[in-house]
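A.B. asks: Fit chain W to the given chain U structure using the hints.
Here the protein sequences line up with chains U and W, keeping their order. Under the working numbering, think of the first position of the first sequence as 1, with each following residue one higher. Under the working numbering, think of the first position of the second sequence as 1, with each following residue one higher.
Read the hints as simulated data drawn from the structure, not as lab findings. These figures come from a predicted structure and were not determined experimentally. Beta carbons are placed, not taken as given, at the ideal position from N, Cα and C, and that holds for glycine. One or more hints might be untrue.
As the list claims (entries may be wrong) - Here are some, though not all, of the chain W residues that point toward chain U, as calculated from beta-carbon distances under 8 Å: (1) R10; (2) I94; (3) A101; (4) P102; (5) A130; (6) S131; (7) A133; (8) V150.
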Amino acid sequence: MTELAHDAAWRRLDIRMLLVHPVNELIRFLPLLVGLFFLGSRDSSNPWHYLSVAIPIAIGLMRFATTRFRITGVQIELRRGLFSRNVLTTPLDRVRTVELTAKPIHRILGLERVEIGTGSASRSGEGRVVLDALGADEAKRLRAELLRAGAADSVDAPGTGPHLATQSDTVLLRFDPAWARFAPLTTSGLVIVLAALAASGQFLGNAIPALLHRTDVGHHLRSLPLVVTVPAGLISFLVVISVLAIAGYLLANWGFTLSRDAVGSAFHVRRGALTTRQTSIDPERLRGVEIHEPLGLRLAGAGRLTAIVTGFKKNAQGSTPMVPAAPVGVVIGVGEQVLAENGPLYTGLVGHGPRATRRRYIRAIVPTALVPAVLLLAALGGAPLWVGLVALLLPAAGVLLARDRAARLGHALTPAYVVVRWGSLRGRRDALQRTGIIGWNLRQSWFQRRAGLVSLTATTAAGRQSYEVLDLPEPMAIALAAAAVPSLVDQFLVRPGVRSIS
Amino acid sequence: MAETSGVTLREPANRVSPRAPVAWAAWAVLRFLVVAIAAAVVSTWGGGFTIPTWVRAAYLVLALVYSVAMPAYRYQVHRWETTETAVYTQRGWITRERRIAPMSRVQTVDFDQNLIDRFFGLARVTVTTASAAGPLKIDGLDRDTAETLVQELTRRTEADPGDAT
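Here chain U stands alone, though its shape is the one from the complex:
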């Protein structure tokens, strides 16, 4: 290890981090402590309780005492461990993202948890540098240092003073609480609905009859006609779900701000009502954006924007939010500024033709038609016929779904991006930088081969690692692959005039 004279000194975590664990533990044990205090039953209480408070505090102390980090000219080093020494070294030019998070306790204490994403993080959590926690100012300074080092590597960074980075940010997006009206329509909102349905099926199935038996409410309710109680129940259920979704949305996205700093030109995303989260994205690592337009949001004229970034955590599905659920005009406006190119987010797309459309219909109708088919057959054997008839709604919904999926399916090639639009319920429009494509996969199932279709997948080191263009006619797939990444596919092409070998 070469330790040069100009190397920076080792730095420690902020001393206030010692309070995080005790405060956490205090809150968790507050009921117990109150009980102890008032009842004075100290002698009878379990000594393990004290241990369970003491151990986390001791761990915190040790972490503080043994964690050190420093930034030398070219790399960041993190030293940990008392008995087992662990030195993690990451070159600064591999730093791709810097994320600051502050839970409510951190915020009270003026702390930030710093997480540095490096390229090697794409496969597992290892190789990520986590500093839990630094003082808020120090964390910001560190972030500026890291991002500047990363940027200076590739961009001609002008003379950068030590405190310039946070000065002149351009704000691209500021949160509008009115957007919370879209929350119940997002996919996560739908997940909440489904979870609530499942839970209520378990819980209410037992609780409600018991409640009705025991109280007067049951009598009153039963005297009401079913036409009133069923819709009333449904509506109150929807109201509860919507309120939950809106609350979740506001908690996660309160104060959402997307800004771009003038020096490193990095993007900063800041959000969160209780736990704040600040993510910084080096534009050199930005490979494109995804517009999420699930059916519900689309019908309401809204969408979400996420960035496709290399070296970002996989558990966040490789994407980082840039605009929460918001009107589609806002989403596209911000997206254009992020991509620095007009067009990819609203340009007209090339459809994939009748065979791709037919495939959408077959794939939607065949599985959904199986259920009523089986039920109707069962009706021949004496099962109630109406069940089978009701189940016919499934293929009907399948037809609608297929129509939407087919109409949306398309792609485009712009000067810098490959644009793909697909899906209905979870629909997206992805714009992937052409220079970010590091390979092509052309996949054909037996059915696709018969229909002359190809699913073309662009592989990339960023985001989801792969972006698929579904069911392209084969010549179109080849043309797209060849045009998007110059001098890669060309060498394997055969012109119609020329006779092929083999």
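C.D. replies: Chain W in isolation, oriented as in the chain U frame:
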């Protein structure tokens, strides 16, 4: 059926080793045998039931057809090629996949042999890029061919600086 008007993507130039289908067949037979032996053991000592003759016959026919047809068909599909600037593979049999990766984006080149590969003198070369999706695998290469290929790929990718993302 692809239109004849446009250009087409030709198949990669090289086939895998002619011993590869034999190795694939050996694998298939081995797997069928394991199930058959397990079933025989259970029905002999597990007691209580016998496997109907028609099931045994159907299984035998399935095993034979699969062990012959799959390797033969796969051998027609599996192909590979490297150029100065790219790696190109084609594999699969029911679902077919062609993969192209630029040489400049290649990160690692793996060489491995399982037991059957070693018996038949075969090897597999796996080329990965910085993307978690889409390693390029070439199964059933002749051992020597595989070794030269690895050397060549390593030499070419070393020539390219940068972190290949």
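A.B. asks: Please flag the earlier hints that this structure goes against, numbers listed from lowest up.
C.D. replies: Violated: hint 8 alone.
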